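First to last, the sequence lines map onto chains E and Y.
Whatever position you read off the first sequence (first residue = 1), add 2 for my numbering.
Whatever position you read off the second sequence (first residue = 1), add 2 for my numbering.
Check each hint, because a few of them may be wrong.
[To be verified] Here are the computed lysine-lysine pairs in the DSS-like style, where the Cα-Cα straight-line distance is at most 30 angstroms:
#1 Y/LYS380 - E/LYS380
#2 E/LYS4 - E/LYS380
#3 Y/LYS286 - Y/LYS298
#4 Y/LYS4 - E/LYS4
#5 E/LYS298 - E/LYS32
#6 E/LYS32 - Y/LYS4
#7 Y/LYS4 - Y/LYS286
#8 Y/LYS380 - Y/LYS32
#9 Y/LYS298 - Y/LYS32
No wet-lab data here; the hints were simulated from the structure.
Values in this document were obtained by computation on a predicted structure and should not be read as measured data.
Listed below, chain by chain, are the residues.
Number of protein chains: 2
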Amino acid sequence: MKSALGFLVAAKRCEIQGLEQLEVTSGLVKGVCEFVHVLQKERGTSNVFLASRGQRFGEQRQTRIEASVQMEAAVRAQFDQLDTDSGKMASGMRLFSRIAHVLHVLDALPGLRQRIGAQKIGADEATRSFNELIAGLLGVVFEAADTAADPLVSRALVALFNFMQGKELAGQERAAGAAGFALGRFDTAAQQTLTHLIEGQERCFRIFSEFADPTLCQIWRNVQTLPEVAEIERMRRLACAPSPQRLEADAADRWFDCASARIDAMRQVEDCATNALLSLCERKLEETRADLHDQKHFLDSLSASTGTQGAAVAVFFDSGSAGLASGPTDGTSAVLGADGLSPQLGRSVLDLVRAQAQRLQNINEELGTARAALHERKLVDRAKGLLMSQRGLSEEEAYRLLRQTAMNQNRRIADVAEATLALADFLKRD
Amino acid sequence: MKSALGFLVAAKRCEIQGLEQLEVTSGLVKGVCEFVHVLQKERGTSNVFLASRGQRFGEQRQTRIEASVQMEAAVRAQFDQLDTDSGKMASGMRLFSRIAHVLHVLDALPGLRQRIGAQKIGADEATRSFNELIAGLLGVVFEAADTAADPLVSRALVALFNFMQGKELAGQERAAGAAGFALGRFDTAAQQTLTHLIEGQERCFRIFSEFADPTLCQIWRNVQTLPEVAEIERMRRLACAPSPQRLEADAADRWFDCASARIDAMRQVEDCATNALLSLCERKLEETRADLHDQKHFLDSLSASTGTQGAAVAVFFDSGSAGLASGPTDGTSAVLGADGLSPQLGRSVLDLVRAQAQRLQNINEELGTARAALHERKLVDRAKGLLMSQRGLSEEEAYRLLRQTAMNQNRRIADVAEATLALADFLKRD
């Protein structure tokens, strides 16, 4: 018969199993992160190549393709090493489905490259194809973050996912800006696209800063002091000005170079983040294995003193959390079990049971916070939709209303979105 | 190299693994449900036994104890059969911790019975001990509901958990009412306890009705037409009347009998619910195994036609969900992969990938709804605490305010609680 302590040990073993899976997933996330970066570079050069009708970046594009092909092979090898057969992978259903999507898109990448090389596809369409592939890869990271069962690892993954998402929006902003500066002007639609991409980045990096550890936050703050970042801010202002501004002749190139420098600096942050993630997984695994070792040791010592594990916990009945803290005067007196174990031993088991219950409660709440941040965007989108349908606002106006309210009340936009959704029928009435 | 389809198959295998675990957990829940019922009966007779100073229910109590001992053995045997070693049980960390808690409390049950038999414990303290044990067992059901990865099974478990919780509150109401009717009066504190237990039941049964299937809801509605239920409502009114009412001499016995009849009828609902749960698990497993079989068959047919699985999905690149619905005229033309597979086959794989993505999205949303209901109580508690600290309300007043607002606005109390929490700083200001 299994004892209370036996089940605590089993719970710990499950936790270790989960952390081992998380370590594998984190390694995968690191690979995906690098792959996305080279794909972003390939997208950028392909874009210029197509826009210049094959006049520019022909050679750079080949270099980028080679880097992508190499990283693709590495990521595919990581996919192949995943344990897909034993069914042990708790988050397998969701993770493997995301990977299936990515693989399906990846399989067609050579065909896409061929069409780009032969200039049989427009720059916009090629960009959209790369965007979809990158979105699929980000989906793998999202799943890893959403299914991680350890709060610290989950926080690190939420921070990383948001950073990657912000960097991807930075990449899209680079392309949108390059097109406008090359054209010499930004019409209203182009300005809106740019604004949307900038605001999206701000949202992502805010969540990143909220969940990343202090070291990473500092590295990120350092990136923001780069001269290229200030230059980008200046050019953003020119691009989004209400009346057309005089643009320098080399504006397009300068924009592209500054944006690229910023993105490369972001890559450094990502690199630190993925390495920190892996160290964190290792550390948590070591700690949890040490815990398990201690518990087993405790279990063995009990077995040795009583001859049976099951009896080890049959000690006293306790009717609530007050029982432990207060003395025997309050009526909750400890009674000896039939096996004659001392109350002290039973009390130790009770401590373990309670500590574990409290720990799970904390884990649950912390995971809830991290996952809520991950789903923040979804919440904001739903609130926007509500405002659009019930107040007749445009998407832009709806978002601005939410953001302005959040700023006025010094609250997170997700909280405002949540309150908006909760007050849905109230909104309808007035 | 694993293909997209290979990962879809792996995802399906994980899903089956999850359903198999869910089937085992559901069997456990069924056992726990029966065990809780006999413990509730033992608690009731122990209560009368102690209150009558051993004059009443001495024999019945022995019968109840025997039933409890028998069910305890059955539930312990189910615990023992759980796969605690392989680490395959995805929800193991949480489930096993709950079980450890239950086992720890269970081990002391013989000692508790001894003290009750020797009348060395008060009725209140004995009741509290049984309450804690039952709360621990309900915790096992909660965990099963909170970790179930299938929306339908999750809904069934959420319904069952709330029903069990409601039935447990009904049992506590029986005890509280019996004490008051035996005493011949209900003071304000006793009335508040009763009101709290009645409102708690209403909340639980409302959530049950929201998540249970129509058949179960009908069975539950039938229970509510029992003459004993009407009689309980009449006696509740007498007990909670602002001025003391004349109580019949046999009020205590009649209350106890009616409440017991109602609880026994509830047990019938539970029995149907647990059987339906097991059938549901079986059915889902069959369906999912059939799906897997179809996918494998599809995979085999592709392998046969191309000689390699990996190539089977390397077909065409598609740049967004619009690509499938529209024809080749929109520029998203399908291109043949290097392996020369027809676009039709690739399209089938794409269909599978997309269908799975959509399915996971739906599953996630449905699970979110079910789990939110499970955590509704926690939300209401937090909102109550906020109103108490920021508005200086009593717990009773805070709850009434939330409930009244919900009724006025025709919304769920959880939504009102959520809105209250989201508007926290707003509340502070005025």
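Hints versus structure:
1. As the CA atoms of Y/LYS380 and E/LYS380 are separated by approximately 23 angstroms, the hinted pair is consistent with the 30 angstroms bound.
2. In summary, the hint linking E/LYS4 to E/LYS380 is not supported, as the alpha carbons are separated by about 44 angstroms, beyond the 30 angstroms threshold.
3. Proximity of Y/LYS286 to Y/LYS298 is assessed by CA-CA distance (about 18 angstroms); at most 30 angstroms being required, the pair is judged to hold.
4. Between the alpha carbons of Y/LYS4 and E/LYS4 the distance comes to roughly 40 angstroms, so the proposed pair goes past 30 angstroms and is violated.
5. Restraint check for E/LYS298 and E/LYS32: the C-alpha separation of about 34 angstroms exceeds 30 angstroms, so the hint is violated.
6. This hinted pair checks out: E/LYS32 and Y/LYS4 have alpha carbons roughly 20 angstroms apart, not beyond 30 angstroms.
7. This hinted pair checks out: Y/LYS4 and Y/LYS286 have alpha carbons roughly 27 angstroms apart, not beyond 30 angstroms.
8. Taking the CA atoms of Y/LYS380 and Y/LYS32, the gap is about 25 angstroms. The hint holds against a cut of 30 angstroms.
9. Simply put, Y/LYS298 and Y/LYS32 have alpha-carbon atoms about 34 angstroms apart, too far for the 30 angstroms limit, and the pair is violated.
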